[in-house]
Amino acid sequence: MKRVSETLDNLGRSVLSGVEQMGGILILLISTLGWMFRPPLKLRAIIKQMEFVGVKSTFVVVLTGTFTGMVLALQSYHGFRLFSAEGLVGSTVALSMTRELGPVLTGLMVTARAGSAMAAELGTMRVTEQIDALYVMAANPIKYLVVPRIVASVFVVPLLTAISDFLGILGGYFVGVVLLDINKGIFVDNIYKYVELEDIYNGLIKAAFFGLLLSLIGCYKGFNTRGGAEGVGMATTEAVVIASVSILVADYFLTAIMF
Amino acid sequence: MNSISTEAKVGLFILVGLVILGYMSFKVGQTGFGMRKGYPISVSFDNVAGLKKDASVQMAGVEIGRVEEIRLQDGKALVSMKISPGVNLERDVVAAIKTHGILGDKYIEIIPGTKGEAYLKSGEQIARAERQADFDKLLNELTYVMTDIRKVTTSLGNTLGGEEGEANLRKIVTNVRDLSDHLNQAVVRNDEKFAEMISNLRNASVEMEKTFASLSDITGGINRGEGTVGKLVKNPDIADRLNKTLASLQSISDKINEGKGTIGKLVNDEETVKNLNESLGGINRYVTKAEQFRTFVNYHGEYLFDKSNFKSYLDLKIQPKEDRFYLLGVVYDPRGRRTDKEITTGGVTTTQTEYDKGGLLFDAQLGKRWKDLALRGGLLESTGGVGVDYYMFNDKFKFSFEAFDFGSDRNPHLKAWADYQLFKHVYLSAGWDDFISRHGNASLFGGFSIRFEDDDLKYLMTTTPIPK
Chain A
0 MKRVSETLDN
10 LGRSVLSGVE
20 QMGGILILLI
30 STLGWMFRPP
40 LKLRAIIKQM
50 EFVGVKSTFV
60 VVLTGTFTGM
70 VLALQSYHGF
80 RLFSAEGLVG
90 STVALSMTRE
100 LGPVLTGLMV
110 TARAGSAMAA
120 ELGTMRVTEQ
130 IDALYVMAAN
140 PIKYLVVPRI
150 VASVFVVPLL
160 TAISDFLGIL
170 GGYFVGVVLL
180 DINKGIFVDN
190 IYKYVELEDI
200 YNGLIKAAFF
210 GLLLSLIGCY
220 KGFNTRGGAE
230 GVGMATTEAV
240 VIASVSILVA
250 DYFLTAIMF
Chain B
0 MNSISTEAKV
10 GLFILVGLVI
20 LGYMSFKVGQ
30 TGFGMRKGYP
40 ISVSFDNVAG
50 LKKDASVQMA
60 GVEIGRVEEI
70 RLQDGKALVS
80 MKISPGVNLE
90 RDVVAAIKTH
100 GILGDKYIEI
110 IPGTKGEAYL
120 KSGEQIARAE
130 RQADFDKLLN
140 ELTYVMTDIR
150 KVTTSLGNTL
160 GGEEGEANLR
170 KIVTNVRDLS
180 DHLNQAVVRN
190 DEKFAEMISN
200 LRNASVEMEK
210 TFASLSDITG
220 GINRGEGTVG
230 KLVKNPDIAD
240 RLNKTLASLQ
250 SISDKINEGK
260 GTIGKLVNDE
270 ETVKNLNESL
280 GGINRYVTKA
290 EQFRTFVNYH
300 GEYLFDKSNF
310 KSYLDLKIQP
320 KEDRFYLLGV
330 VYDPRGRRTD
340 KEITTGGVTT
350 TQTEYDKGGL
360 LFDAQLGKRW
370 KDLALRGGLL
380 ESTGGVGVDY
390 YMFNDKFKFS
400 FEAFDFGSDR
410 NPHLKAWADY
420 QLFKHVYLSA
430 GWDDFISRHG
440 NASLFGGFSI
450 RFEDDDLKYL
460 MTTTPIPK
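Protein chains in written order, with numbering that gives the first Met the number 0: chain A, 0 to 258; chain B, 0 to 467.
Every clue listed holds true.
Just a few of them, taken from the derived set where beta-carbon distance is under 8 Å, the chain A residues facing chain B:
1) 57
2) 158
3) 161
4) 194
5) 196
Derived DEER-like restraints, expressed as beta-carbon distance ranges:
6) A:179 with B:120: 46 to 54 Å
7) A:127 with B:52: 53 to 61 Å
8) B:122 with A:99: 38 to 46 Å
9) B:122 with A:23: 52 to 60 Å
10) A:82 with B:7: 47 to 55 Å
11) A:111 with B:122: 51 to 59 Å
Computed cross-link-like contacts, DSS-like style, restricted to lysine-lysine with a CA-CA straight-line distance of at most 25 Å:
12) A:192 with B:105
13) B:316 with B:370
14) B:52 with A:192
15) A:41 with B:8
16) B:397 with B:367
17) A:192 with B:51
18) B:36 with B:105
19) A:183 with B:26
Hints are computed from structural coordinates only; laboratory data are not their basis. The structure presented is a predicted model; accordingly, all values stated were derived computationally and were not measured. Ideal Cβ placement from N, Cα and C applies to all residues, glycine included.
Just chain A, same shape as in the assembly (with noise of 0.2 Å):
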């Protein structure tokens, strides 16, 4: 009996606490977008947070953008085989990077990257008090510290996605025309007649949404974080897991809308 109350225990207080931190998050947003236009604007603020997300992130975000367009390009070489369309590579490379690797690869690079180093910050902040102390300065720390990531997030990741898409076809045409010896032209003419403009923009929606899922969770986790160095670390590993999952998930439902 004392066992099943604990179990009821254990869920009724995980989902509140779900709940609790998914209503932090979004109380969290719509105070950034309260702060966001109120001037002073701090543009120098968000140019550092984004020499700090998107700059220093460039090459993870090449390294992996070019390698999954070259494997990409691998994979389904084999596959077009079977059937002799091996002209269907280039095509299958540049839908697969702009529609879905592209956006989704950059969002977890810069989850990992970035959002990790901003729940750390914030949260190391938080436990020595500086947050406090902004506030005993008057000074609101979500002007100061998060609309800065926020804003810089959501501008940087798409372009970094942009990047990333780029390389991979890039890297699809390596190993698929240099290496697998596809015909140029072929491939080339498969990727404009199947590629449209809206595929691009759309993963770029994607991106930037991604962006601001990720900035927002580092942010959550490292504003709310307790309790010392232990909860430091704690607060970075679950801004990386939510973030990373709610990419992934928000994936889903983004795609499901858009296209």
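Fit chain B to the given chain A structure using the hints.
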């Protein structure tokens, strides 16, 4: 690296990102953006299954536009297209839905119209749309066809099957059998006539035998010393005289041998030998002529379709030289020999025509041949007439024309036919008899001939005196 500021790094990053994005958009959207311009043209199809919005519109495989919209109008699919501004479509172009690629993408192919036609203006409709090869439809049509075929076979089954059909079939078979019987009879009947002729020939030979028998009687009489010749042979007196004659003949020949007297000189003279040689040469030529001499026996029968008559000819062709021949023959015509009688009663002369049925008609002609052309004339069917033969393909094929029975009151009897050598001695012939007759005698005919060279007859002839 410290010289590069954060702002510069971010600026470069954004620039690179935007350039890549712009490049991709431009490359991918090139056709899409380009096609936004252009003028609208529509076309109505029975079925556009598989055709999508934005599908390519091509002419000769070159994209000239895109499908803008597909909607239903009066049970048909109205497809609106945007055609590139630089492309002019003639008024009589044809639109067709085609498939290409492994994914079976549908596109609209515009088949160019006639040069010089007026161009379609913006917003107008293409008049002709080719129907799409619809597999289901094809199967449906095939089903209809099969149903029709089954109807035919069913009705055939009804006609031929069942008791009535069987009776009909039996009737047909009976008719065929009757027909062949009749044919057989016709052949048999003519066989009899032929047999008759042969028996006549046999009678003739019997007569000849009788002649020979009486000749033999005569020689017998001579042998027995009967009559003048007999006495001459049998009388011993005469024999004695003959002996003496022979003795004196002996002495004469001796004298001749010795070159005595006129004859002796003659015999022993060189000139005599020369003369004799010439004479022998003459005899030789005579014999050669006999070798050239050829005779042919020809039986020819023809069936006159319009008269239902069977006419028979039996000819003997004597050919003393390669280019000259004589034809002797008899003709049996069931219509008979026609004789015209003029009867004068009370100053009015009427002509009465009579037919002597079963009467034989006679042919006696002489002819000459130049290469492939032969002319002949004389008696044809017991009247005066002429004929022309033209030979082709080494005499395997012969075209003949005859005109005879000339009279002031009627058209001459004309006959044209062709012979074809089927086997060595058998010829097939077909032609048109009496084709300008005023009495409705014209008739097509078909027949056959049996023709062979007879050596026995030839030798019989050569032992008789030969003309010239």
